[in-house]
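Engineer: Each chain is listed here by its residues.
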Amino acid sequence: MRLYDAVREIRSKNAGPFTLTIDLICPNQTTFERILSSPRFGPRAIATLYQVEETSVCIRSVRQVLAIKVTLPRASSSSGAPGDRDVYGSQQHFPLADIEI
Amino acid sequence: MNRAMNRTWSYLSLCGLMGYGFPPEPLRRMDPQIRFLGADAGSSDPGPYYLGSGTHFVSSRQLDRDLELALLAARRGSLPLILGSAGGAGAGPHLEDVLVRIRRTAASHGLRFRLASIPADLSAETVLQALRDGRIEPCGGAGPLTEEAVLSCQRIVGQMGIEPFRAALDAGADIVVAGRSCDAAIFAAPAMQLGASPAVAFHAAKIAECGALCARPASAADSLLCTLEEDGFLVKPTNPARRCTPESVALHALYEQPSPTQFVEPEGILDLSECRYDAVGDRAVRVRGSRWIPAARASVKLEGAALRGYRAITLAGIRDPAAIGHLDGIEASVVETVKERMGSTFDDLHVALRFLHYGMDAVTSANEPPPPPPREIGLLIEAIAADQTTAQEALALARSTALHQHFDGRKTTAGNLAFPFSPSDLTAGPVYEFAVYHVLREANPEALFPIRWEEIGR
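Residue numbers (the numbering used here), protein chains in the order written: chain U, 630 to 730; chain S, 3 to 460.
No false leads were slipped in.
No farther apart than 25 Å at their CA atoms in a straight line, the calculated lysine to any residue pairs in the SDA-like style are these:
1. U:Lys698 <-> S:Ser275
2. U:Lys698 <-> S:Ala222
3. U:Lys698 <-> S:Ala220
4. U:Lys698 <-> S:Ser261
5. U:Lys698 <-> S:Pro248
6. S:Lys413 <-> S:Pro373
7. U:Lys698 <-> U:Glu729
I should point out that these hints are in silico values taken from the structure, not numbers from a laboratory.
Take the sequences, apply the hints, and build the full model.
Structural biologist: In C-alpha cells, the structure reads:
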C-alpha cells in the first residue's frame, strides 16, 4: 500500500528555516505499526529519498495520537534563499508519501 | 504566591497572526474571566525577505483593522494587551511601524494607556563579541557562525523570552508591543505573572500562540480562549463553529516543531510526554501533565538576514509537445546566448538564471524520478544578479531568447511560450538569506531587550 493512501493526514512544514518536518497521522494502530516497521521507512531509506545524511534523519512517534514525525535538514537551501523551491516547506511530503509500506 | 489561583481565570489569544484577522463578536461580549488579551504577530516562515527588507508580510490595512479591534477591546475592559514579534519579523522598522499605527488608532479613538515597547534588534558588534567569547552555537541545522556572516546581515534580531514581558507588565504596562519574541513568551509571561506554573503557562501558550489552529476546522484567523487551573488548563475556540478535541489539541503539539514531545524555550524545556487531553463538553479540552525542566542560564535565538542579490522573473506556459520535450536543450541555448550578449557583466555581477518547470518537477526536483511529459507546463524563468538593472537585463534576454529559440524538430516556429500577461517581466526586488540562525548562550535579557515607555493620550 502507498503511504499516501494509508495515512489520514500527511503534512510537511519548516521547523525553522533550515529544517523540514513531516507529520504522518495514522487512521489506526495497525497502520501506525506497519509504517514504523516498514524497511522503506527507516532513516537510511528516507535519507536516500531526500538526498541527505542518514544521521540527520530523525523519526519519532507518539502512540497516543498515532502520529509519526520525520525531521530532516533542508538539503538544497534554507527557506527563501536563492535556489529554494518551497519557502514554507509545505509540499515536501513527496517523495516520502509515495513509498510502498 | 498563586494570588490568582484560588479561582480559575482565562486569557484570549486573538488570532495566530496579527493581520490574519479574527471575528469581532467575542470581543464585544467579553468573558468576565478574561485577564488579558494577546497575539503573536510574527513568524520566520515566510522566509528571510521580511526581516531583511524591514517590511510586513500581511497587508497594512488588515493589520490596522486587527490592531484597532484589539486596542478597543483591551481598553474597554481595562485588560492588558500583549503583542509579540510586532510587524512580522520583529526588527526595528517593523516595531516602529506598528507603534505608529497604534498611536494613530489611539488618537482617533481618544484612548489613554501606558505603552511599553521592547526592541529586539542586536547590533553586529554585540553578536561579534558574543561570537569571539564562544557564546554562539548553531541551531536548527545552520552551520557554524562566522564574522563574515554576521557582518553580511541587513539586521539581526533576538527572540526575547518571558523576562522582558514580565518586567514591562510588573512595571504597569497597559499595552506591551515587543519586537521579535518567542511565540510562547507572549502568553506565558502574563500567565506566570498571574500565578500560573511554568509548565502550565508554557504549554497553554504554545497552543494559544496559533489562535484557533488547534481547533477543527482549524484556523489561525480566529480566537482561542485559554482557562488556567491549578494543575492544567482548558482550551476552547470562541467561535461556536469550531471545536477542540483531545486529538486536535494533542496533534497541534507536533505542528512545525522538530520534536513531538519536547519544546526548547529560552528558560527551559517543556516536556509533553506525560500529557493527558480530556474533552470537556463538546468544544473544550482540558490538558494536564505538562512538565517543565528549567534551564540553568537563559539563551536567546538569533535571526539575521543577508542580502544576496536582486530578482526578476517571468512565467510562461508551454503547450507544444516538442518544445516540452526539448526544454533542457532550449534552456542550455538560452543561458549560452545570455552569457554571450552580456559579456563580462554576466560573471562580474553574479548573474544566475534558473528555470522551473511547473507541472513537471518544479516542487520536488531531483528527489523524485521525472514524470511522463504533461500536456502543458508552466515555465518560470528567474534571474538573480548583484543589482536590479542587471537582473532585468538578464531576464529580458532569457525571455526573448527562449521565446524564439530553435530546437531539433521544431514546428512551433512563431514562438515557444504563452505569456499570461504584459509586461511579461516582473521585478521581484531584493533576495535575502538567513545567514544567522544561532543561539546566544548566557544571554542577559535585560541588556538585550530594553523597555521603552510612552504615555499615550495624556
